[in-house]
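So the sequence lines, in the order shown, correspond to chains A and B. Residue 1258 is where the first sequence starts when you use my numbering, and the numbers rise one by one after that. Residue 315 is where the second sequence starts when you use my numbering, and the numbers rise one by one after that.
A portion of the hints provided could be inaccurate.
Label pairs and their computed distance ranges (CB to CB) [what the hints assert, rightly or not]:
| hint | chain 1 | residue 1 | chain 2 | residue 2 | range |
| --- | --- | --- | --- | --- | --- |
| 1 | A | E1591 | B | L358 | 46 to 54 Å |
| 2 | A | Q1396 | B | D383 | 16 to 24 Å |
| 3 | B | D383 | A | E1519 | 29 to 37 Å |
| 4 | A | G1532 | B | N357 | 21 to 29 Å |
| 5 | B | L358 | A | H1441 | 51 to 59 Å |
| 6 | B | R468 | A | R1366 | 51 to 59 Å |
| 7 | A | P1573 | B | F591 | 48 to 56 Å |
| 8 | A | G1364 | B | A504 | 18 to 26 Å |
| 9 | B | N431 | A | G1532 | 54 to 62 Å |
| 10 | B | R587 | A | E1591 | 38 to 46 Å |
| 11 | B | Y584 | A | E1591 | 35 to 43 Å |
| 12 | A | Q1561 | B | F591 | 49 to 57 Å |
| 13 | B | V393 | A | Q1327 | 31 to 39 Å |
| 14 | B | L403 | A | W1356 | 29 to 37 Å |
In silico DSS-like cross-links for lysine-lysine, where the CA-CA straight-line distance does not exceed 30 Å [said to hold, decoys possible]:
| hint | chain 1 | residue 1 | chain 2 | residue 2 |
| --- | --- | --- | --- | --- |
| 15 | A | K1424 | B | K404 |
| 16 | A | K1582 | A | K1513 |
| 17 | B | K506 | A | K1526 |
FYI, nobody ran anything at the bench for these hints, they're computed from the structure. No residue lacks a Cβ here, since even glycine has one placed at the ideal position from N, Cα and C.
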Amino acid sequence: MLSMMEEHHPKKNGNKRTGNSGLKAQQELVRIEAQITRLQSMQGQSGDTPQQIERLNQRVNDLRREVASQLNAWERTELARHPQRPYTLDYVERIFTDWSEIHGDRGFRDDPAIVCGMARFHGEEVIIVGQQKARDAKQRIYRNFGMPHPEGYRKALRVMKIAEKFKRPIFTFVDTDGAYPGLHAEERGQGEAIARNLLEMARLEVPIVTTVIGVGGSGGALAIAVADRVLMMENAVYSVISPEGCASIMWRDPTKKDLAAEAMKITAKDLSALGCIDGIVPEPPGGAHTDHAQAAELLNTALQQNLAAIKHLPAPELLETRYRKFRDMAQFFEVEA
Amino acid sequence: MTWFKRQSGHLDTSGEKKVRTEGLWVKCEGCRQIIWKKDLEDNLNVCPQCAKHFRIDARARLAQLLDDDLYEVFDSNLVSTDPLKFVDLKAYSSRLQAAKKDTGLKDAIINAHGKLNGRPIIISAMAYSFIGGSMGAVVGEAITRAIEKAIELRRPIVIVSASGGARMMEGVISLMQLAKISAALARLDAAKIPYISVLTDPTTGGVTASFAMLGDLNIAEPGALIGFAGPRVIEQTIRQKLPVGFQRSEFLLEHGMLDAVVPRKELKPYIARALDFMVQAA
């Protein structure tokens, strides 16, 4: 607890496990899906095969919905970290057109853990900023597991200022276990880079819509999430420290991560109830990883609605509303005589 | 004569680092000398031998920085509502009770009006002794109010950080305090009111990643641990030993992250000098 840390050991914990996810129902689903494939390949065996397939498909969807509604905080964390879950560029590809990436912080280097660029959203020019994870080993290292260095945050700010200059709305996509806790990151001022973004985002004179699409890891997430609208995908999590980090500090035992996840209130529903986010974006039954196209479609709709609601506000009103939102957020104190 | 000295040189190698003799004597963690406590206090809690800066509490800080030890505390009656009903090995509510009893404070912060070399200023001083100076809803609100007060009265503000970062037991609520305080600082900046951030041992996590790094000047006491991630986490992540002096004030100064490292007894004159520069004559 004494140092609020972006504690994370990608190789030691969660990430490794998500590959063979601990969700039992998930395995049952896989079994039924295999059954469907088998039935489909056994053509002409019997007249009622199509009905059987139909029934099984139905069961799959029901099962997925049921599973999704009962997930606890730790299971949602596993879903949020699922390696097949769509990442920022998966959404960019499906929701936006004419993507043109902008690289580098003009100071040190280009940080591939954050992608920035211009794109069109239903024909409208916008700026996109998002943390980017990857699936295969080589790419993961290239993207540094989606954990940005200070230059990543400085790039993000530089690009958001371009949006402000040319009066284009900004979409940010949060998906990071945290800002990278490394030696060089500290040398180059990880804390300062995040802090600067928080201050500057609070006064950017263009509409900002943020979506936590996977993992919202503490300050490293917030550094691109001071927005007029902050949304969370149904199975995303957003927390001040990873459940493993919290468990190893507060319980002195990293295996108590499920208890920590529950106690910290990190799911979309929790954050919504605490008034820390503005909306929840539904996912396909079973989670976004089961159907990227449908997940993108659902997100697309949410982005359209949320941008439409704020894009005509004059800048002073926009800034005042944004300020009030964060000013009045999370006021859990009372005045004692 | 010589054998006396050698013996005492070996005396202190065993046991915990933090062992302190009760009462009149204090052992310096820097040079391992035994110091008479009154000598230490007369020297602003800086070791007379090796100049190690001991941690001091928020009240001592206000006394050192404000004229004649005169100040008026405000917004001191805010208390956390334990919104998550957080329980780990111990309930957060009982941790709060214990901290309140130990420190006589209601949370890890004191806001005060006072004068620094005759100039009215506002100081927000963090109390490390209160749950590691961690920042939850109360600390976030108190600092935000201090900033808003500074804007309202057009008075310079000094925030003295001493904190492990965000308070885990308030989860994402403590994270949101970073955004809230930083947004208030954006307004302070727009109003062109001076803000001097004083970083003391330790300043880490969410505090470093928000207001501590956002001063017009960011200055630190010598030898303070300052960083975003804690050294243990970094060691676990990169799997190697960290260099000596890593994340200390002097290291940050060298890497361009601080404007100055200022010894405790020069802190007040330094701030006064800076405010002379920043505040226009009315």
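CB-CB spacing for E1591/A and Y584/B relative to the 35 to 43 Å hint: holds, 38 Å
Note whether the CB distance of Q1561/A and F591/B lies within 49 to 57 Å or breaks it. Since Q1561/A and F591/B have Cβ atoms about 50 Å apart, the given range 49 to 57 Å holds.
Given a hinted range of 48 to 56 Å, is it respected by the beta-carbon distance of P1573/A and F591/B? violated, 31 Å
Indicate whether the distance between the beta carbons of R587/B and E1591/A respects the range 38 to 46 Å. Since the Cβ atoms of R587/B and E1591/A sit about 41 Å apart, the hinted range of 38 to 46 Å holds.
Confirm or reject the claim that D383/B and E1519/A have a C-beta distance inside 29 to 37 Å. violated, 47 Å
Range hint 18 to 26 Å (beta carbons of G1364/A and A504/B) holds or violated: About 25 Å separates the Cβ atoms of G1364/A and A504/B, which means 18 to 26 Å holds.
Range hint compliance [Cβ, G1532/A to N357/B, 21 to 29 Å]: Taking Cβ atoms as reference, G1532/A and N357/B lie about 48 Å apart, which means the hint is violated.
If I claimed the Cβ atoms of E1591/A and L358/B lie 46 to 54 Å apart, would that claim hold in this structure? Violated, at about 36 Å.
Hint consistency between K1424/A and K404/B [alpha-carbon to alpha-carbon, up to 30 Å]: Distance of about 50 Å is beyond 30 Å: violated.
With the threshold set at 30 Å, check whether the alpha-carbon distance from K1582/A to K1513/A stays at or below it. violated, 34 Å
Between L403/B and W1356/A, does the beta-carbon spacing fit 29 to 37 Å? violated, 48 Å
Satisfaction of hint between K1526/A and K506/B, Cα-Cα up to 30 Å: The hint is violated at about 40 Å.
Hints 1, 2, 3, 4, 5, 6, 7, 9, 14, 15, 16 and 17 from the earlier list are contradicted by this structure; the remaining hints agree with it.
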